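*Asks:* On the provided structure of chain A, position chain B as indicated by the hints.
Below are the chains, spelled out letter by letter.
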Amino acid sequence: NAGVTQTPKFQVLKTGQSMTLQCAQDMNHEYMSWYRQDPGMGLRLIHYSVGAGITDQGEVPNGYNVSRSTTEDFPLRLLSAAPSQTSVYFCASSYSGTRGEQYFGPGTRLTVT
Amino acid sequence: AQTVTQSQPEMSVQEAETVTLSCTYDTSESDYYLFWYKQPPSRQMILVIRQEAYKQQNATENRFSVNFQKAAKSFSLKISDSQLGDAAMYFCAYRSARGGADGLTFGKGTHLIIQP
Numbered sequence: 001n002a003g004v005t006q007t008p009k010f011q012v013l014k015t016g017q018s019m020t021l022q023c024a025q026d027m028n029h030e031y032m033s034w035y036r037q038d039p040g041m042g043l044r045l046i047h048y049s050v051g052a053g054i055t056d057q058g059e060v061p062n063g064y065n066v067s068r069s070t071t072e073d074f075p076l077r078l079l080s081a082a083p084s085q086t087s088v089y090f091c092a093s094s095y096s097g098t099r100g101e102q103y104f105g106p107g108t109r110l111t112v113t
Numbered sequence: 114a115q116t117v118t119q120s121q122p123e124m125s126v127q128e129a130e131t132v133t134l135s136c137t138y139d140t141s142e143s144d145y146y147l148f149w150y151k152q153p154p155s156r157q158m159i160l161v162i163r164q165e166a167y168k169q170q171n172a173t174e175n176r177f178s179v180n181f182q183k184a185a186k187s188f189s190l191k192i193s194d195s196q197l198g199d200a201a202m203y204f205c206a207y208r209s210a211r212g213g214a215d216g217l218t219f220g221k222g223t224h225l226i227i228q229p
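Quick note, the sequences are listed as chains A and B, same order. FYI, the numbering for the first sequence is 1 to 113, going by this note's numbering. FYI, the numbering for the second sequence is 114 to 229, going by this note's numbering.
Chain A with its partners taken away, still in its complex shape:
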């Protein structure tokens, strides 16, 4: 099993550009989520999904879109990047919404200039 994979590992964008951060898991997990990590902060929840076709907002959803068309994939879209979105982004998954341990991907470091 590859576990949770994220691409790319690093990305530099200009303000206003759009891009999609990819996340995939091969563990047949129902629950997937996106977090961002800023210096001096813990991880904060952006969006999450409890299954294919179901998504919901977390603590810091503004500026981000998600969709979940398959169990395996949960992409995060930045429609118009802003410098405030410079951060490290983590994708995580687990077997169920509450009881399962969350497995994290390796993270994507995004810089918006």
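Hints should not be assumed to be uniformly reliable.
Unchecked claim - Some, not all, of what chain B presents toward chain A, calculated at C-beta under 7 Å:
(1) R156
(2) Q157
(3) M158
(4) L160
(5) F204
(6) G216
(7) F219
(8) G220
(9) K221
(10) G222
I should point out that these hints are in silico values taken from the structure, not numbers from a laboratory. All values derive from a computational prediction rather than experimental measurement. Cβ coordinates follow ideal geometry from the N, Cα and C atoms, glycine included.
*Replies:* The following block gives chain B in isolation, referenced to the frame of chain A:
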């Protein structure tokens, strides 16, 4: 909303010694989970230990153990026989057991330094 507080931005310990990292949390729920995650310089998030709130027994994983005080809403991590590989950021995290609930709520982390 739940909050998680780690009051020690940085801790330093001699190799082979014992260190305790503090965590407090605030919640109105009675059923939840608590976690300690380790983040080394590689930035990979690694689960160290988990505790179910309904269990009175403190969780233990090899050299790592917790002191879970539910009434005080305290969840500290004890690392025994510290090793150089333990150097990392440590994050305390909370997760509701409520069905359909969202993800983890993290503290700001404690940077653990191991002195050789």
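*Asks:* Run every hint past the structure and note whether it holds.
*Replies:* Hints, one by one, checked against the model:
Of the supplied interface hints, the one on R156/B holds, with its beta-carbon coming within about 5 Å of a beta-carbon of chain A, less than 7 Å. Because the beta carbon of Q157/B sits about 6 Å from the nearest beta carbon in chain A, less than 7 Å, this interface hint is met. Here the hint on M158/B is kept, as its CB sits about 4 Å from the closest CB of chain A, short of 7 Å. Here the hint on L160/B is kept, as its CB sits about 6 Å from the closest CB of chain A, short of 7 Å.
With its C-beta approaching chain A no nearer than about 5 Å, F204/B sits inside the 7 Å limit, and its interface hint holds. The interface hint given for G216/B is met, as the beta carbon of that residue sits about 4 Å from the closest beta carbon of chain A, less than 7 Å. A hinted interface residue such as F219/B counts as satisfied when its beta carbon comes closer than 7 Å to some beta carbon of chain A; here the least separation is about 3 Å, so the hint holds. Restraint check, G220/B versus chain A: the minimum CB separation of about 5 Å is within 7 Å; hint holds.
Given the 7 Å rule on beta carbons, the hint for K221/B holds: about 5 Å separates it from the nearest Cβ of chain A. This hint holds: G222/B has a C-beta 6 Å from the nearest C-beta of chain A, less than the 7 Å allowed.
Against the hints set out earlier in the document, no violation occurs for any number.
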